[in-house]
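Just so you know, the sequences run in chain order D and B.
Counted from 1, the first sequence has number 424 at position 424 by full-length UniProt numbering; the numbering is strictly sequential.
Counted from 1, the second sequence has number 210 at position 210 by full-length UniProt numbering; the numbering is strictly sequential.
For the record, the hints were derived by calculation from the structure and aren't laboratory data.
Treat the numbers as computed from the prediction; the structure is a model and nothing was measured.
Keep in mind that the hints are not guaranteed to be accurate.
Where chains are identical, the list cannot tell them apart; a pair therefore holds if satisfied intra-copy or between any two copies.
[Stated by the list, open to error] Straight-line C-alpha distance at most 20 Å; calculated SDA-like pairs for lysine to any residue: (1) Lys154 with Val371; (2) Lys174 with Ala43; (3) Lys121 with Tyr518; (4) Lys452 with Thr430; (5) Lys34 with Glu491; (6) Lys174 with Val51; (7) Lys354 with Pro517; (8) Lys121 with Pro187; (9) Lys174 with Leu47; (10) Lys64 with Asn446; (11) Lys242 with Pro541; (12) Lys38 with Pro402.
2 protein chains.
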Amino acid sequence: MALVRLTPICLLTYLCCFGALTSSVLGAKARHFKWEVKYMYGAPDCLENVVMGINDQFPGPTIKARAGDTVVVHLTNKLHTEGVVIHWHGIRQLGTPWADGTASISQCAINPEETFVYRFKVDKAGTYFYHGHYGMQRSAGLYGLLIVDVEEGKKEPFQYDGEFNLLLSDWWHKGVHEQELDLSVKPMRWIGEPQSLLINGRGQYNCTLASAHNSNGSGLPGCKFRGTERCAPNILHVMPNKTYRLRVASTTALASLNLAIGNHKMLMVEADGNYLEPFWVNDFDIYSGETYSVLIRTDQNPTDNYWISVGVRGRQPATPQALAILHYQSTTASKLPTLAPPVTPRWNDYNHSKSFSNQIRALAGSPTPPVINHRRIFLLNTQNRIDGYTKWAINNVSLSLPPTPYLGAIKHGLRNAFDQKSPPDTFEKTYDITRPPSNPNSTYGNGVYMLKFNSYIDVILQNANALNANVSEIHPWHLHGHDFWVLGYGEGMFSTKDEGMFNLKNPPLRNTAVVFPYGWTALRFVADNPGVWAFHCHIEPHLHMGMGVVFAEGVHLVGNIPNEALSCGLTGKMLMNKTYH
Amino acid sequence: MALVRLTPICLLTYLCCFGALTSSVLGAKARHFKWEVKYMYGAPDCLENVVMGINDQFPGPTIKARAGDTVVVHLTNKLHTEGVVIHWHGIRQLGTPWADGTASISQCAINPEETFVYRFKVDKAGTYFYHGHYGMQRSAGLYGLLIVDVEEGKKEPFQYDGEFNLLLSDWWHKGVHEQELDLSVKPMRWIGEPQSLLINGRGQYNCTLASAHNSNGSGLPGCKFRGTERCAPNILHVMPNKTYRLRVASTTALASLNLAIGNHKMLMVEADGNYLEPFWVNDFDIYSGETYSVLIRTDQNPTDNYWISVGVRGRQPATPQALAILHYQSTTASKLPTLAPPVTPRWNDYNHSKSFSNQIRALAGSPTPPVINHRRIFLLNTQNRIDGYTKWAINNVSLSLPPTPYLGAIKHGLRNAFDQKSPPDTFEKTYDITRPPSNPNSTYGNGVYMLKFNSYIDVILQNANALNANVSEIHPWHLHGHDFWVLGYGEGMFSTKDEGMFNLKNPPLRNTAVVFPYGWTALRFVADNPGVWAFHCHIEPHLHMGMGVVFAEGVHLVGNIPNEALSCGLTGKMLMNKTYH
Chain D
1 MALVRLTPIC LLTYLCCFGA LTSSVLGAKA RHFKWEVKYM YGAPDCLENV
51 VMGINDQFPG PTIKARAGDT VVVHLTNKLH TEGVVIHWHG IRQLGTPWAD
101 GTASISQCAI NPEETFVYRF KVDKAGTYFY HGHYGMQRSA GLYGLLIVDV
151 EEGKKEPFQY DGEFNLLLSD WWHKGVHEQE LDLSVKPMRW IGEPQSLLIN
201 GRGQYNCTLA SAHNSNGSGL PGCKFRGTER CAPNILHVMP NKTYRLRVAS
251 TTALASLNLA IGNHKMLMVE ADGNYLEPFW VNDFDIYSGE TYSVLIRTDQ
301 NPTDNYWISV GVRGRQPATP QALAILHYQS TTASKLPTLA PPVTPRWNDY
351 NHSKSFSNQI RALAGSPTPP VINHRRIFLL NTQNRIDGYT KWAINNVSLS
401 LPPTPYLGAI KHGLRNAFDQ KSPPDTFEKT YDITRPPSNP NSTYGNGVYM
451 LKFNSYIDVI LQNANALNAN VSEIHPWHLH GHDFWVLGYG EGMFSTKDEG
501 MFNLKNPPLR NTAVVFPYGW TALRFVADNP GVWAFHCHIE PHLHMGMGVV
551 FAEGVHLVGN IPNEALSCGL TGKMLMNKTY H
Chain B
1 MALVRLTPIC LLTYLCCFGA LTSSVLGAKA RHFKWEVKYM YGAPDCLENV
51 VMGINDQFPG PTIKARAGDT VVVHLTNKLH TEGVVIHWHG IRQLGTPWAD
101 GTASISQCAI NPEETFVYRF KVDKAGTYFY HGHYGMQRSA GLYGLLIVDV
151 EEGKKEPFQY DGEFNLLLSD WWHKGVHEQE LDLSVKPMRW IGEPQSLLIN
201 GRGQYNCTLA SAHNSNGSGL PGCKFRGTER CAPNILHVMP NKTYRLRVAS
251 TTALASLNLA IGNHKMLMVE ADGNYLEPFW VNDFDIYSGE TYSVLIRTDQ
301 NPTDNYWISV GVRGRQPATP QALAILHYQS TTASKLPTLA PPVTPRWNDY
351 NHSKSFSNQI RALAGSPTPP VINHRRIFLL NTQNRIDGYT KWAINNVSLS
401 LPPTPYLGAI KHGLRNAFDQ KSPPDTFEKT YDITRPPSNP NSTYGNGVYM
451 LKFNSYIDVI LQNANALNAN VSEIHPWHLH GHDFWVLGYG EGMFSTKDEG
501 MFNLKNPPLR NTAVVFPYGW TALRFVADNP GVWAFHCHIE PHLHMGMGVV
551 FAEGVHLVGN IPNEALSCGL TGKMLMNKTY H
């Protein structure tokens, strides 16, 4: 097997072709991008397949910016019949809630051949990504990285000599339109486990790079690459005795992942755009919607190369590990590592996962949470049936998004646009989370949690048993428009006495937090960002099946929403016909 | 093989469930329908596949109305991310051009979860159908029949004892999103011949109903049906010695078809909603976009049944015949015909096709064309390459539809909505139609042929050689908003002297006319219907690749276009922001 030099850095520098810089005050810049979204043929895992690309690239171009910059993406929809939006995952959209890129919530989907301009400030350095947020277009491959460096002249609280990006995703051979249908029919047809895991859009199906090692017992034949294949592995070219930052983001549709590097410990330093109190790990879990930065020291035998392996956690895996190569430049890139790839921890070793999650602390000096809350919302996560259709529901309400985006509807007082009744703040405390729902009926709904502006909100995410006995799944919940503090994780049913366990001293700020099977997760945030914000399980099929809620706060303070974001549904009607109300 | 009674009449009567009648003056009624479009699993040719259905039916429900009625379809888009429209093929939309159901032309596509109300008069009895007119949604299965009977108390110019509908289509196993992509990539990947032909949405793949006969030499095994299968054959249950009307419509994506019935001659009496001077045939060709009514007399041996066979014409067939059964009720429906199915004429026996087309005459007393024209537009049909992409072009312009529908754009004078330069009325007369284009470059365009209101327009459709040597394809051209008179067909390059051949006495009125390979077809119509009207090859991939033009006439006379039809593109912008112009 010959491997050419295909580095993620290539992807990064390529991006600059699309970015034109405009100077601005204080060194901040407006960075303009002209993007076209369309389907294209790709070969994410060597098998040719339809992918959703941006400017003929899959994954989409990496955006590089500095904190304080304004990113301006002119997004043109070149799909034939589908709308499209792009969500800038982790960017809080302070002052620009209409640029959050969530269909039905922040804007109308962009129609074919039309252009929408996303203009927003990246106020905080960190590792972010972007992705489709309409139907299951993220699963179709509509994603890419958004890297925000510190302001010019400022420093990170750690040092490194070089950096690499690893965008993790999972891949199905079945197209997303059929996946959407499968999840929507009665009885539901589960999409199953992904065929492949991808690193920067590259995976290998039906062959393994590590055929010399039987560590994974896959029995797969070795991949035969010349190195020019679109699915040839990622190679991270490093110099010995340096420190490198790996920025890792997971935009998987389903899979919870674990990443490890042969012989190299990793120092966790950033999560979701917030600095961590550094701690060393041999491997770490990453759930869909999360990002991490880790530092590695290239202090191992420089005449060898090392595997970077990514495997599945939390679900009985049916997908081989994804592999990349850490290549010490003193050797040749085509030399395969001598050591076997690191073995992913057993999928259901949740103690391993919890131990990792519980180690995550904010870097000293980070903002600390208010010590009180003004409102506590309990959200019971259940799998349910509605008229025989399998759904996910929160407090027995399965989210069914309306055609009019909430942001415009609330701002303009269009009461017919969605259920005016607020969904419940809690659930029956006698609910037995250890068994399949005894009354598995829930309802569709699209009501909104109206949050008092600037109030302190607690959310207790409560996991439960799914429809099948002895099954409770992992759900990584992602909040738009905010970071939240993760106050704690617990087992079983949350009870008030668990408050004593809350970490109010140095809880990490995140935008995504996992809820473990049969457990709970406690979050706190300040409802200080005028807008309407999705809060949902980041597992694409779960969201598609209704697993989310909508928060709104201070919408009266939202500035002028561009008409382009309002041209559908009742806001469109209202604007076109001023007599409508 | 046991066959149960599955008659098209079932489909017809089922429809009534969705139709509520509202009385109106003069016996005319408003017929209301509430439809939801979504993807569903079907098995059009026994293989399970995704189809686009209406109210969980594929094909969509048959609309039955009487001339003078108003049809009101409340169409709700239940697709996840795609827009949708429905075109009422053959209905002229007198006074309601915004209800023509052509995305980019008469209206904005309906967004997911939104409802558009199609309200239009069916002014003329006849056999019509409806279908998607956005992307390739027709190919996905979005179609159904629209049958308009004569007004109550009025009579057809022929008599019959019963009637059956045969909606013909072709079917691919590859989904339309992938087909669209295949046609759009460089180099183009041709979608190939259909896997199956369908009669009322039913075909049989990889098996044949007529295994007892080797007439088609298919070598396919016999189909094993219990009769309840969704792909079990259509059976037309007839009584001996009666006259039946068969209404036949073709909504194929690609295939030109021929229909024949064992031992039964057919009397052609109607085409595209216009009466014909009756003539007998043993078989007839039907191109995509056409409808015919034929009368048959059940005067054959009543102890036998007879095959109805449908086969491919004009392209080297790779698709087996579709078969249905004419069942004499004196026998059992499960008795297969003794005689072999009629053999479809050789695919390239164009003389057979031309002879049929030339026999078609309007019934005596039908409207006759003006004897003069005010403007003659020559439209050269060529296959071209633009930047390496394979396209079809008319006078070297490949139609690329704009995001703002023309109807609203013209009515409101939005000059940026489309090319203001009119496309050419003719082409270089030295063009050699017998060879591949020597200069195969054409351009994209979206200009409009502005027709003087009430003027008499001639169109000469001129066929030519495609990109490959010795290939010239059949193109059935369909005009929206009008019927036209088919003045004649000819071979080679049209020349003025060919005018002498024009039939001005009793040319048939049609909305679709075929252009034969290397030939021309001459049409005349009166531009008397205020609106903007597509005129295009009805082969779905050809239209997708640019094979169409746009006519506009009397748009200043168009009444108030519903805002819902204008909420996209520049009309949407204009209506939402009155300062735009």
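**Q.** Which numbered hints fail
**A.** 1, 3, 4, 5, 8, 10 and 11
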